[in-house]
Each structure stands twice: as structure tokens, then as C-alpha cells.
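Protein chains: 2
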Amino acid sequence: MGPLQIKELLQKAPEGQAVTLKGWVRTKRESKNAIFIALNDGSTIHNIQAVAEPGQFAETIIQQVTTGACLRIEGSLVASLGAGQSVEVKITELEVYGTADPEKYPLQPKKHSLEFLREIAHLRPRTNTFGAVLRVRHALAFAVHQYFNDKGFFYLHTPIITASDAEGAGEMFQVTTLDLDKPPRDEQGAIDYKEDFFGREANLTVSGQLEGELGAMALSKIYTFGPTFRAENSNTTRHLAEFWMIEPEMAFFELKDNMDLAEDFVKTVIGYAMEHCKDDLAFLQKRLEEEEKSKPQKDRSLPLLEKLSFVVDNPFERLTYTEAIDILLNSKPHKEKKFQYPVGWGIDLSSEHERYLVEKHFKKPVILTNYPREIKSFYMKLDEDGKTVRAMDVLFPGIGEIIGGSQREENYDKLLERVKEIGIDPQNVWWYLETRQFGTAPHSGFGLGFERLVLFVTGMGNIRDVIPFPRFPKSAEF
Amino acid sequence: MGPLQIKELLQKAPEGQAVTLKGWVRTKRESKNAIFIALNDGSTIHNIQAVAEPGQFAETIIQQVTTGACLRIEGSLVASLGAGQSVEVKITELEVYGTADPEKYPLQPKKHSLEFLREIAHLRPRTNTFGAVLRVRHALAFAVHQYFNDKGFFYLHTPIITASDAEGAGEMFQVTTLDLDKPPRDEQGAIDYKEDFFGREANLTVSGQLEGELGAMALSKIYTFGPTFRAENSNTTRHLAEFWMIEPEMAFFELKDNMDLAEDFVKTVIGYAMEHCKDDLAFLQKRLEEEEKSKPQKDRSLPLLEKLSFVVDNPFERLTYTEAIDILLNSKPHKEKKFQYPVGWGIDLSSEHERYLVEKHFKKPVILTNYPREIKSFYMKLDEDGKTVRAMDVLFPGIGEIIGGSQREENYDKLLERVKEIGIDPQNVWWYLETRQFGTAPHSGFGLGFERLVLFVTGMGNIRDVIPFPRFPKSAEF
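The listed protein sequences derive, respectively, from chains A and B.
Here the first sequence stands for residues 1 to 478, where the numbers follow the numbering used here.
Here the second sequence stands for residues 1 to 478, where the numbers follow the numbering used here.
In isolation and in its complexed conformation, chain A is listed as follows (with noise of 0.2 Å):
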């Protein structure tokens, strides 16, 4: 089905075999002797060369073959002389399937910035850079699939739209079939949900775990990927307002099998993505040079396939927030006044200080554990103390939390307390708390935004660029 892609023909022994090229027009190139066109069909970041005599086609359709115009092409596949391919293909016949008017097609062969091709997003995936984003997406999105299906998990596909707001994981968007002009209203002029598709008021999911918990207390082990949504007015390089979650949960694990498992598992993917996309890993590391050119030595980041391969290879760091904080408070930066926010148990840490110990002080990831109960969800295990909670965040050079995880609170009585203390009404979450009633054992689970992973392995600068549509404040194109 389909022609064979380019990607495999780059591979073959050139034998004068006949072969059929469909694709789109990188560059063409005349000199005296051959017509040169570089064609890619997005199976890989390489082109394959085609040559034609001068004369051999009509020049009305030499002249439409320009960049971004689709060809198909019958010839056969030769040893090239040139340099920079080992194959090229002598054309026999050339059709040209689509133009692209060169005074009208944006994608020409030059540098074009980021943020215009954020604009023309139908269009970037047929780009060097865009193509080989969207190839270590699929890489890794295929390698999470693996991973957890390799390790019996199931995957469980928790619900997007959910009228549970339970999380207080941020601001939510509203899903409604009322109609917004004149939304029907109750006796005391409420807006009245009972009229609503769901007869209720529903939301876009910000998590998954929940629901996702409710799997891992039947099957043991499964992991949810799916979108998740923040409607926060955010315009940073770092958010989204609809981005996809991993988010693995597992009956029978404590913390530090969680921290063994997070710690396997994005060794494992990021692993996976640079065995099988080495050339798309070898332009972005290239890409990501060109960019910091500019910058001084100091403020380079490492080459890209380095900072993969120390990632792969070193074991994580682990310590209790509790150490971080001493670390932090006998740091440098600290005594000289350097921290721009203040260092102190019970502090929420901030990018300055994890990128301190991740960066600075340990040089590797670092795993950080129980946190102070205050600053993290009321579903985390409530550590011996009372003080802190079994939460874990694995911080990454450059990213901050990746992934951000803890052991679940087991215990019914507990639970419920911490339910009610940030005024949840427990009858909002009472499929939650049954759980908790009925066959509770220990389980610990924990998230990944997908799209921080991509832009880690990718060395991209902004989140809006590792996925293929972004979605944030003011932005629904496409």
C-alpha cells in the first residue's frame, strides 16, 4: 500500500533498480549538465536526490517544479557521485502532482524565525526542524505505549470531560450545550445546569489520576495518556492550555518503587528516541548550536545527544526536601543574597533553587521527596511526622519537574480529614473515598506532561513548537 517511502529507499543498494519517488520539493538546483532536485517525504529528515537531463522534460514543467510543489517521479536508483548521498535517483518520468507558486508559498528556502511558523502551523510540519520534532514525538508517544505494555500495565482511558473538580490543580474551561446568549435559569435566576447536556456543570479534565487510581485499585497496574487542560492566562514557554499527560498508577507500590519505576521509565523512552531517531537527534543538536551561537560559553547548553546520554546514564539523585533545603541554605547563592526568592522549610521551591541543586550543586536529575504537607495535594500519604507528605518531583537540567508523583494517601480516616481541610465537599469525591472503604492497599502513581519531555529530548525552546496545534491564551487556529 503506498509507495515505499524515502526513508527506506535511502537504504537500498543502488542497483539501477526501478523505484517511484512521491514527494514534496526541498530545493532544485540547475547547472549546465543536470537538473538536481531534493526531494523529502516526510519519512525522514533526509532528502533523496533526482536528476534529470536539461531538456529531457518540457521547460513548463521544470518551471513548476519549485520548493514545497509534490512530485511523483519514476526512475531508477544509482550510485551518486555527488557528495553528501550515497543514492540518487536517474528520472525517467516526473509528474507534478501540486504547485507552489513561489510568490506565494511561505516555506522558502531560507531561515524562517519560530514565531512565524507558529503562524502558518499547517504548514511547519514540512519544515527540517518541524519534521523532526513530530518524528521524536511519535518516538516517544510509541515508546511510553511500549514501556507500559512491556511492564503489564494496562492503559486506561480516563474521562476529558468530568464534572468532579476535585483536583484544585487550576482554573478549568467549562463545557457546556447552553446556549450563552439566554442560558435557561432556576426559580432564584441560577443559571440553571439541570438544562445542561449533562444536566450538570462540567469541566475539561486537568488530571487524570482519579479516575486513573480507580483502575490501578482493580487491574493493579495502568497508565493513562491523554489530553489535559489548564485554562490559565499564561503566556509562557513552558504552558499550555491543552496538553497530554502520562499519568502511570499502581496498586501495591510504595514511594521509593515509584521513584525506581519514574526513574525506568524515562531513562527507558528518552533511551528509545536515541536509538531510533539519530539523524533527527543529530540536526536538532545542530539546530540548537546555530541558535545558542549567539549566546556566551557559559550560557550554551550541553550538546544535545550529551545531555540525552548523561540523562540515560547516571543514576538519579534522591534526597528529602528536608536535605534540599539545608543544601540550599549552605549554598553560595544563598549566603551572598543571590536567590531572588528566600530559602526556608515550608518554601515552595523555585525554579532558581531546583535548577541550584539539579544543575549547580548534584550536576544529574534529582529526585525530591517528602515535601512539607502543606504545599501539595491532599491525596499524597501523610508521611510518620505528620509534617510531610510521600510526595516525589524529578527535576531535569534546564525543565524543572518533569514528573511530579507520590504515594496515595490509603487510609480512609486520613484522607477524608484532608478532603474536608481544603474544603472539598466529600460528596463531590465519593466514588474517591470508596476506594479507600472497600479493599484499600498502598498505591503511589505519578504525571508527566508529555510535551515537557518532548522539549527536553528535542532541545526546543518553547512547548508551542513540540506540539503539532498549540493551544493558549487568545490561539484556537488550525
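There may be inaccurate statements among the hints.
It does not matter which identical chain is meant; a pair holds if it fits inside one copy or across any two.
DSSO-like mimics (lysine-lysine), calculated; alpha carbons at most 27 Å apart, straight line [said to hold, decoys possible]:
(1) 337 - 7
(2) 278 - 151
(3) 335 - 298
(4) 256 - 360
(5) 474 - 194
(6) 414 - 298
(7) 104 - 337
(8) 267 - 151
(9) 256 - 7
(10) 28 - 376
Simulated from the structure, these hints should not be mistaken for lab results.
Assemble the complex: chain A is given as a structure, and chain B must be docked to it using the hints.
Here is chain B on its own, set in the frame of chain A:
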């Protein structure tokens, strides 16, 4: 990490080795000489039998071992003398992680109706039926990813929130952060969507196809696998408000390639489930037999595995819509006026017509092609005769349409005409139209409703029972 799964333990040779079991009690049986506990951890439909001697543990402990309680058991794996299992565990240590008060726990060891279980969707994954369904669902989802990855497709995450309403595939859910009680209004008194999160009206996607095509015109072969939404007020056994769709899109595929792919794809993923979910499917087959016992023989389904083999082993019948209409016009039910709906060229086939073709006439899956343009979507490629389009529907026994697809209209002028014809403002889909202006190519794709596939493979009767937390009118619980 974590304990060995019961699925793995059941496959071990019993050599008296020390093992740890963690799981939930399905049943407990006490005899004079022994206490038998059937434990399940959701990794398999099968329980493992654990055996204690009377008096070995305090009566207060044994009383807590009731259906639904969660246990940790240490013991040795030995050959079982009892019928029904080859190994069992001789208990040396027993800890009750969590009790399940028999007076309150709803899942007692007796038959529960599917309707009742739907109301306790947070607990139903702990039943044999839903455990099996969710494991099969997982296997099918994994098979989907593996299939496309093997074939060189890239997984593309198309947006969930979208401002485009081009599909016209039905009622949509609105997504908003406006205050419904007091929405901002412009000078004309209309809702001021400039104030909404995205600066315009936004909805939940009904299909990722249009964006999928953008990916295919860059990467050649992509697929989506994500949630889609319909705000239709339909309470049937075949519709959900939130469901998962798989939508491959392929550059350079024409209608025949599209059919070949659809057939190969659906056969491969069903075959994967048959190979990897033998025990669950055997259980579900028995469940279906039980359920249909009260029906007259002629109304019963084929045994589940027979039905699946039949689909996997036989070529699908391929014919045009026009040929299908001829068959229907010459059919006995038509001549005897047994069809409820009239038959004639131009009609949208109803379920009774599709079922006649699949179940009575051809007795196998059918692919119908080249439907009248009037009853199909605007983006389908017009045939030469100008009357029909290159659509294809794959029809399955019992389930009707499981896949709908087409070759896409790649001609800019024809597509624009169709867009206008059905009343879409071309400016709303400028980005979609541009793919036909810049490097257009023949291309095709299709959509498969994932829950329809799970329904077919599990033999369940209601689509609400093949997704963990179904969303339908007046229901968004959990």
C-alpha cells in the same frame, strides 16, 4: 518494582518456592481442613488459590477476609490437588491491607446487572466482565499503535479544542471560560467572545481529520488516536458523547490503497487481541452465550471467537454503492416490503439495509464505495461522473459501519466549490484549503470509532460498557 503479577505466578512451575501475593479477595471458602482464598490482582481473568489451615490465623483476621478485601500473602507455590488450577499458594503470612464490609460493599459474589454496574463504574473494573473488557481494550489500543508504527506512520496529536466547525458532523460542545451568569457583551449586546479564553468561540473536536490531513501533507503517513465529542442527545447502545477515534491519513494513497489499509489494519488488531487475550475472550464468549440463552436460536450471535476468526480469515467483499442498491432492490425483503425504509439510488443506507448486505447476502464484512456525493462529506474526492465520491464504508456484522473513509478531494477549485456549496465560510478553513494550493497530492484516510471496535471484539451489547467512564446525556459522574 512491585510484586510479581498473578498472571506470571500462575505460569510458574510449583517448586515450593517463596512467593508474595497482593490482590483482592474474590471468594473465600472454609472447609474442615482448609480455608481457600481466591485472589485476583486484575492482571488476568484467573484467580490464584491461597490456602490456610484452620486455626493458623486468628479468627478476627480470617473474618476480615471477605469479597473485595485487599490482602498481602506470603507463602510457597505448590502443586494444587484441587480441580481448576495447577498451582496454589500455601499461606505462611497474611496481612489485610483493606477490608470490604460485606454489609456495604456492593460487589458481592453473585450476578450483577450491567445497568447496576454502570452506576458503580468506579468499582466495576473489579468484576470479571469489566476486567476482561478493559484488558482487551488495552490490547486493541496497543495493537493500533504497534500497527501504525510498524508501517511507518507517525502518531499526530490533533487539537481537542478547536475553533473550526468545518466537519459539520453533528452538535458540538462549547468550551469557554466566560461567566455564564454574566457573560461580557459587545456594543450590539451579543456575547463578546473576544473576552473568552481563545478570543473566539471554541468547541470540542468532532474529528481530527482536517488537521490530520495537514500532517499527511508533510509526513506522508500519520494517524490520530484521541478523544472526539458529539453533543447529540441520543440515548442508544451505540452512541457516546465522548469517544476515542483512530484516524489515519496518507498522502499518495488512492481509494484502493485506503481499502487495503483499512482491511489489513482491522484484521491485524483483531488478530492481535485474539492472540494476546485468549483467556479474556474465552470468558467473554461464555458471558455472551449465557446472556443469549433466553433468545431463540436464530437470534443468537455466532460464538465470539468464531465471529472474530471469520473477520480475520476472510477477504472483505468490496462493491460500489450503486451495486449495493441493485442487490437491495432485488432482495426478498425489498420485494416483500419487509424493509422499514425505502430503497433507491440516492438514499442513505439504513441499518437494516447494511445488515442485510453483511449478514444475509454476503455473510461477511463488506466495503461499500463510491456513494452519492449528496449524502457524503464535502472533502471527499469527486468521481469522474460528478455524481459519486470516492467514499468507503466498512460494514461489520452486528455493528454496521465500523470504518468510514474516503480519498480526499485534492483539487483546490473543486474543494472550494464544495465548501461553498455546503455553506462553510472559506475563510474559516483557509488553512485546510491552502494544502490544496501548495503541493497538493492524491491522499486518503479513514476513521474508526475505537469503542465500536471494542464492542465488536468483546461481544458486549452496550457501548457504555466498553469505555471506563462513559459520558452520555445527563451523565458525567466519576
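Structure-based check of all given hints:
1. With identical chains, the CA atoms of residue 337 and residue 7 are never at most 27 Å apart, being 54 Å at best within one copy and 57 Å at best between copies.
2. Taking CA atoms no more than 27 Å apart as the test, residue 278 paired with residue 151 passes in both settings, with 25 Å inside one copy and 19 Å between copies.
3. Only within a single protomer do residue 335 and residue 298 lie at most 27 Å apart by alpha-carbon distance; the minimum there is 22 Å, versus 84 Å between protomers.
4. Within a single copy, residue 256 and residue 360 get their C-alpha atoms as close as 25 Å, which meets the 27 Å cut-off; across copies the closest is 59 Å, which misses it.
5. Taking identical chains as interchangeable, the C-alpha atoms of residue 474 and residue 194 lie at most 27 Å apart only when they sit on different chains, with a minimum of 8 Å there against 30 Å within one chain.
6. For the identical chains of this complex, residue 414 and residue 298 are neighbours neither inside a copy (49 Å) nor across copies (56 Å), given an alpha-carbon limit of 27 Å.
7. In this homomeric assembly, residue 104 and residue 337 never come within 27 Å of each other (Cα to Cα): the closest approach is 55 Å inside a single copy and 59 Å across copies.
8. With identical chains, the CA atoms of residue 267 and residue 151 are at most 27 Å apart both within one copy (15 Å) and between copies (26 Å).
9. In this assembly of identical chains, residue 256 and residue 7 lie within 27 Å of each other by CA distance solely across copies; the values are 24 Å between and 42 Å within a copy.
10. Taking CA atoms no more than 27 Å apart as the test, residue 28 paired with residue 376 passes in neither setting, with 57 Å inside one copy and 40 Å between copies.
Violated hints for the displayed structure, listed by number in ascending order: 1, 6, 7, 10.
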